[in-house]
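S.K.: Letter by letter, the chains look like this.
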Amino acid sequence: MKKLLLEKDHIEGIRFYETYRREGGYKSVEKALKMSPAEVVDEVKKSGLRGRGGAGFPTGLKWSFIAKPEGVPRHLICNADESEPGTFKDRYLMEFIPHLLVEGLIISSYALGSNVTYIYIRGEYAWIVDILEQAIAEAKNNGWLGKNILGSGFDCEIYVHRGSGAYICGEETALIESLEGKRGNPRIKPPFPAVKGLWQRPTVVNNVESIAAVVPIINMGGDEYAKIGVGKSTGTKLISACGNINKPGVYEIDMTISVEEFIYSDEYCGGIPNGKRLKACIPGGSSVPILPANLLLKTAKGETRYMNYESLSDGGFATGSMMGSGGFIVFDEDQCIVRHTYTLSRFYWHESCGQCSPCREGTGWMEKILKNIEYGKGKMKDIDLLWHVQSNIEGNTICPLGDAAAWPVAAAIRHFRDEFEWHVLNPEESQRRNFGLAHYADPLIPIGELV
Amino acid sequence: MIQFSEENLKKVNELISHYPEGKQKSALLPVLHIAQQQFDNWLDVPVMDYVASLLNILPIEVYEVATFYSMYNLKPVGKYMFEVCRTGPCMLRGSDDIIAYIGEKLGIKPGETTSDGMFTLKTVECLGACGYAPMMQMGKYYREHLTKEKVDEIIEECRTQSVNLN
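Going down the list, the protein sequences come from chains A and B.
Just so you know, the first sequence maps onto residues 873 to 1323 in the working numbering.
Just so you know, the second sequence maps onto residues 10 to 175 in the working numbering.
It is worth saying that the hints were derived from the structure and are not from the lab.
Covered by chain A, per the in silico footprint, the following chain B stretches (three or more residues, Cβ under 8 Å):
| # | region |
| --- | --- |
| 1 | 28-34 |
| 2 | 37-49 |
| 3 | 79-86 |
| 4 | 96-102 |
| 5 | 133-147 |
Being a predicted model, the structure only gives us computed values, none of them experimental.
All residues carry an ideal CB built from backbone N, CA and C; glycine is no exception.
Just chain B, with the same shape it has in the complex:
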C-alpha cells in the first residue's frame, strides 16, 4: 500500500498549514516533491492518486500538474540522474561536449537510463547557473564548472560510494 512515512506525513501537514483553510491544494507542488523523494524519484499513477486523496482533490488535478512541470518524472529513472543544462549560456561554455561525453561514457543517449538502473542522462533548459557553466543538477545539488575529468570523478563517486542526493 502506498503511504507516506510518518516523517513525510508530518512535513505534508506542516506544508498544508502554510495556506488558508480550504486552500490545501496550494501544497500540491511541494507535496509532489516529497512523494517523488519517497517513491524512487518518479510519480506512478497510484502515487498521484494517493496525493490527491491526502489533499482532498481530484486525481485529475494532480495529473494535470504533474504533466506540466518538468521536474516531475512520469516514468522510472536511474538512481543517479544527471540533468545537464544545454541552453545558450551553457552552450557557449561547452555543454554540448559535456553531454556527448557523458553519453559516450555511460553508453546512453539523453533521455535514457543505463541497463543497471544506475544512471539517467537528461538534458534540461536553463537552471540559473550560467556563470558556473557547464553544469548539471544531481539530486538536490548543482555540480558546476564541469570538465571531462570532473564528469569522470562524479561517475566514479556514484559507483563507489553512496552520494548524498537529498
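Chain A with its partners taken away, still in its complex shape:
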C-alpha cells in the first residue's frame, strides 16, 4: 500500500527543512497558490476526507460553512490537543514530520482566508512546541510564510499556542475559550465557530492529521485521493496501536484491511505477546465502545470487520463500535474489563469541566461505583445503577464529553456484564487477574480450547 503521510518518515533529517524540501516538500503550496481558494476547498470536498480527530465530519464541507462577513478576519486553528486515551498519532506526525503539518496549514489557511493561524497543542507535548516553532521559522525563512507568499498576495503567520493539561480543550469551542485565555468550558452552539469562533470571528478547527492529509490531496488531486480506501472511508488513516500487542506504534493504513490483519500481521501490531489470546479491543480511542474479540473480528452477521468508518460501526452500539480517533487499544486474555473501565471513568471524572450537572455529577458517580465494584465492595444492584447513571448522562450535556464518558461504561456492561457480576460475587478475589471468563471467545481458536 502506498503511504501518503508517513511515506518519508524514515528518511534521516526529514524533520528539517532542507531534507523535507529536497524530498518534494512544499510542492503542494506552489500548486495551491496558483488555484483560487474556492478551488482548493473543492479539491478537499472531492477527496471525501473526513475529520481525523474523532467525529469523522467531512473536512471540505466544514470548510464551506465558514462565514465571510466583510472586514472581519477569519482564523484556522489546528487542534493538536491530542488527549483521547489510546491516541498518539498526531504527536508522531508533529514530532517526526513537522513540516508536513506546516505545509498543510499554509494551503488550508489559504483556502479559508486565515492570515493568522494557530496550532493549539496540549501542554504536556512541551518539547514538540520547540520542534514546531523551528519548522515554522524554517518555512518562514524560505518564503513559505509571512507577507505575499510566492508573490500570490496571500499573507500568513502560524503561531503555536501551548495548552496546559485539559482533555476538554480538544472540544473545539473549549479549545477556542482556552485560546482566549479562559477556562476550557465548551460553548453552547449555535452560534457555531464557523460563524462566531475565536474572538467572535469565523473560525475553523481541524485536527493535525486532517490538515496533513490536505497535502497529498492537493498533490494528487481530490478525485485520485478519493479512489484510495472504500466507500466513504477515503484516503489513508493513522492508527495508534497500544495495549497488549507485540508492536505498539503509529501505523498508516488504507482503510481496506481487516481488523484481524491489523492485529496479527507483522506489518502492523504483530499479534499478542506471550502467546496470549485476544480478549477485547477499543478500536477508536477510549470513548468508543469496547468490543469482545468475537464481535471485533466479525460483525454480528458473521462478516469480516474492516478498519474503516462504516465497518467498525456496523451493528451500531449494540454489536459495533466506531473508528473515532484511531486509538486502537488491545486487551489480552489476562486483562480485567472492570478495572480498565474504572480507570477510564476516573479519567473522564478528572477531565469533566464541571459545567453541566449530568456530566459533573455523573462521571463522579460512575467512578465511585466502579471503584467499589473493582475493589470488591460492589453489590449486584450497583451494576444497574451504573447503567442508569450512564444513560442519564448521554445526550444531556453541552459537549460530547458526557457521551464520551457514558459510552465506554455502557459498552463494558453490555458485553462483559458477567465480569461485573463476578467481581460482586467474588469480593475476596476482585484484584485477581485472568479469572477466565469465556467472553474472550477468540474466533481464531476452536471453541473447545477456550477456558
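Starting from the structure of chain A, add chain B where the hints point.
M.R.: What follows is chain B alone, placed relative to chain A:
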C-alpha cells in the same frame, strides 16, 4: 519583588504579539508556563497577581485559569516531579506497579513530596504516549517504556547529576 527575568519578559512580549491588539489575555496560559518555570515550578498568589498586572487583566481571571488546568501547581513541589500516567492503556502495560515501586523507593504516596524536597510523585491521566507505556513526564520530557530498573536509573540520575528539565 516578583519580576520576570529580562529574557522571560522578552518571551512574554513576543507571546503577546501573537494575538490581536486588546486580546493579550490569550497569552495567559503560555505566560503561566513561563512563570512556573521561573518561580520554582509552582504558582504562588503573588506570582499570579504579577502575571495579571503584566497582561492587564484582573487577578481573578488568572486564578480561575490556574485552578482549571492540571499542569499548574498551586503548592510547592519537589525539584523533580514524576508525573506517572495511570489511565487505561498505561494500566494495561503495568503502570500500577511502576507507581507503587516509585512510591516504595522514595517513601512517599502519590501527591506527596520527599522531605528533602527532591522528588514529588504525581499520578496523571493520559499523556498521549500509550504505545510507549508505562511512562511518565519529568519536566519538559517524557520517560517511556518504564521498568523498575529504569526507574532506579532515573532516580540515581536525579540524585547524582543535574538533569535537564527544560
